[in-house]
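**Q** Here are the chains, one letter per residue:
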Amino acid sequence: MEQLISIIGAQAFTMIAGLIGVIAFVVVNALALTWAERKVAGHMQRRIGPKEVGPYGLIQPIADAIKLLGKEILTPGAVDKPLYVIAPILIFVPVLVSFIVIPFDARLVVSDIGVGILVILAFSSLTVLSILLAGWGSNNKYALMGAVRSIAQNIAYEIPLLLALLPVIMIAGSFSLTAIVEAQKGLWFVVYQPVAFIIYFIAAVAETNRTPFDLPEAESELVAGYHTEYSGMRFALFFLAEYTNMFIVSAIAVTFFLGGYQGPILPGVVWFLLKAYLVVFVIMWLKWTYPRVRFDQLLNISWKVLIPLAFINLLITGGILKL
Amino acid sequence: MVERIKTGLSEILRAAPVAEADYTAKGYHLFAEVAASDLQGVARFFDAQGFYLAMIACVDYKEYLELVYIFANHAELCKVKIALKVDPAKPVAPTLSQIFDCACWYEREIREFYGVLFEGHPNLTYLFLHEGIDHYPLRKAQVPVSAADKRAMAALPVADGEDSFSINLGPQHPSTHGVLRVVLKMDGEYIEDAQPVLGYLHRMHEKMAENRGYVQFYANTGRMDYLGAMAFNLGYVTAVERLCGIAVPERANLIRVICTELNRLQSHLMWLGAYLADLGALTPFLYVFDDREQIHDILEPVTGSRLTYAYFRFGGLYNDVDDQFAAKTRAFVSRLRSRFAMYEKLVTGNVIFLNRTRGIGVITKERARKVGVSGPVLRAAGIPMDLRKMEPCAAYGAASFAVPVGTRGDVLDSYVVRVKEMENALKIIEQALAAMGEGPVMAEKVPKKLKPPKGDIYHCVETPRGELGVYIVSDETDTPYRMKWRVPSFSNLMIFPELAKGCLLADAVAILGSLDLVIPEIDR
Chain Z
1 MEQLISIIGA QAFTMIAGLI GVIAFVVVNA LALTWAERKV AGHMQRRIGP
51 KEVGPYGLIQ PIADAIKLLG KEILTPGAVD KPLYVIAPIL IFVPVLVSFI
101 VIPFDARLVV SDIGVGILVI LAFSSLTVLS ILLAGWGSNN KYALMGAVRS
151 IAQNIAYEIP LLLALLPVIM IAGSFSLTAI VEAQKGLWFV VYQPVAFIIY
201 FIAAVAETNR TPFDLPEAES ELVAGYHTEY SGMRFALFFL AEYTNMFIVS
251 AIAVTFFLGG YQGPILPGVV WFLLKAYLVV FVIMWLKWTY PRVRFDQLLN
301 ISWKVLIPLA FINLLITGGI LKL
Chain Y
1 MVERIKTGLS EILRAAPVAE ADYTAKGYHL FAEVAASDLQ GVARFFDAQG
51 FYLAMIACVD YKEYLELVYI FANHAELCKV KIALKVDPAK PVAPTLSQIF
101 DCACWYEREI REFYGVLFEG HPNLTYLFLH EGIDHYPLRK AQVPVSAADK
151 RAMAALPVAD GEDSFSINLG PQHPSTHGVL RVVLKMDGEY IEDAQPVLGY
201 LHRMHEKMAE NRGYVQFYAN TGRMDYLGAM AFNLGYVTAV ERLCGIAVPE
251 RANLIRVICT ELNRLQSHLM WLGAYLADLG ALTPFLYVFD DREQIHDILE
301 PVTGSRLTYA YFRFGGLYND VDDQFAAKTR AFVSRLRSRF AMYEKLVTGN
351 VIFLNRTRGI GVITKERARK VGVSGPVLRA AGIPMDLRKM EPCAAYGAAS
401 FAVPVGTRGD VLDSYVVRVK EMENALKIIE QALAAMGEGP VMAEKVPKKL
451 KPPKGDIYHC VETPRGELGV YIVSDETDTP YRMKWRVPSF SNLMIFPELA
501 KGCLLADAVA ILGSLDLVIP EIDR
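Chains as they are written, first to last, in this note's numbering: chain Z, 1 to 323; chain Y, 1 to 524.
It should be emphasised that the hints constitute simulated quantities derived from the structure, not laboratory data.
Possibly wrong hints are sitting among the right ones.
Computed list of lysine-lysine pairs in DSSO-like fashion (alpha-carbon distance at most 30 Å, straight line) [claimed, not checked]:
| id | chain 1 | residue 1 | chain 2 | residue 2 |
| --- | --- | --- | --- | --- |
| 1 | Y | Lys420 | Z | Lys304 |
| 2 | Y | Lys365 | Y | Lys420 |
| 3 | Y | Lys501 | Z | Lys304 |
| 4 | Y | Lys6 | Y | Lys389 |
Assemble the whole structure, with the sequences as input and the hints as a guide.
**A** Pasting the structure below:
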């Protein structure tokens, strides 16, 4: 092992080990979340949810994964093949990159880049591109409409998302995620910045295309939105990305507002995961309670409510800090 | 009312007499035969009097085709049958589609089933059928469809424009609840034009009726509206009983009311769940299925089936209810009352739901009348018309309940009206249970083979979706000579194109859901 480290260098080794760890985590997380979603949905709907495969249905996601892997890879005749094939792969790049900078514990971070949050935000904008490719490449009107909705939605909600994070960055005085967590040693930032937290949370739900903002894949309107023409493993990749994104936005919420890995007695990583999955649970809870908003209402909420509110919050924070 | 209409009508039809008909036996008060030149004048008269066109039927009497127009009023009980004789060799009639919008689809239907050409009709294309049909199906003699007629009827509904594109909402689409197809012409997210395309579940029940006995056809009725099967059974059974003059024992009538109201509850609950699923909330769907299951559990031991019932008989019921029926129903009524409180919290108070439904799909009273919508959609538009009050059959006459009406006529109102209707149904069930005494459930001396006297009848009942009209022509044999079904979803769907115009796609889905369509009933 030490020989290997000396050959490729310590930094490169952490990167490779980290990447492998991240990929493993992404898969395990997605499996766990699909199980959790089905259980949460089940109990909220007065059902039991999966219970036959393994204890409490715990093996169910693995059975699902095997089923999806075993499916024939179908490519509809009319699609634009290069775009159609590349879209589900491309959607995974931002997902993987985001994990590199997230601090799971004081030392458990693949690479503590000084501008960590900017890396996440920059790469998460790429998700839109792959959705557009999927929608356009599918050569299907429903898919295209889903993609168009998705772009409008993501552009609209990236702004309040960023504006809600800025006050925290100003208070912490750093873009580094580890530094931001360390700055919350005393009080969590959610106490200083409740408005920013709420704005962030709403924008995050919209960014991940979850109900009540699941317009890009609104099944009663657009059948399945941008992934209408996808099946088997390609569909599974979109699915995987959605669940991983859900975790990422929750992880950012925890890092920025809920004290990150900080907490008594238990190790930091446990605290981090506990808080992150709690936020994920709230997102699921929303999905199984609310109906879907309409497209114009969705955009109005962002442009007319969230963005002005976030600006005012930002100005007030800046003013107070200057004093 | 009847007198006033009679005088008014006589003035227009100087030559032809306006006859008074026996309402109890026929289902209409006045009858007049008009000439083709007078028809539009008569229709304008009824329009001015605030009547709506309930249906148009065509009957092939071999020597001539008879077009039957039933006009009725929302405010008062007054039904008029207008008949127009058409030459079967060269069937031509004037159109009413400029006066009553609903005539448009009825005339298209008659065009493809009988070959009657309606002069001045804007769009006489196929509604249910297609070019593969070589003979006019409902004509008694075999009359081939000429190649020219086929070409004329097979026009494309909507074409792509310069800045617009067309999408098919259906026949396989999650929000059409069955095989309805709507061709939408879209400009981005906005709808420029919507054209429903019917016939994907067309089974020609009306032709089947002409080929089997009254008893044999009974099972078909539940298959038309699988959610409101009991109400369709009731409509058919009471129509035939009225035609034959069969009296039904009181206990049977009360049980009929209870079963029909339970079925109505079940249908409205299903609508509630499916409607919210259309709006993106999936959880209520599972909640209402819980309640629906309880209704099925009550009805199953009594009727023997869970969905397409055949419990009523001409003259009564198949068998009496068991001793647990009343207790189980009472328990269910109180259970559902407490569940309504939960739905209230989950749905009615939800801001997203209110914003999605308020102010869209507004139907004015005038449009509701012209298009002939009925049921909860009509009441949401503000017209307090309920056939259970207006023309009570079975034991509905004794039921006391307030007819809920909407104030804005939008989609939210149709939700509110349906919720109130469910509460009413609970009330009616309780009243019927209290009134129920011992007694027979079957009339004595009902012949095995029914041969109703010669004549016709237009009988209507309130189904969960609105006015179901059964028009039966009997020729004294054991099979109906002609049976026309005026189904509520068919009339309610007619208003969809104008409501959808200029809407967002999401609104169109919300509007379509609020009409509570059952596709096999539209297509028959």
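**Q** Next, verify each hint and record whether it holds.
**A** Hint check results:
A C-alpha spacing of about 36 Å is found between Lys420/Y and Lys304/Z, which places the hinted pair above 30 Å, so the restraint is violated. This hinted pair checks out: Lys365/Y and Lys420/Y have alpha carbons roughly 20 Å apart, not beyond 30 Å. A hinted pair counts as satisfied when its Cα atoms are at most 30 Å apart, and Lys501/Y with Lys304/Z qualifies at roughly 27 Å. With a C-alpha separation of about 24 Å, the suggested pairing of Lys6/Y with Lys389/Y holds against the 30 Å cut-off.
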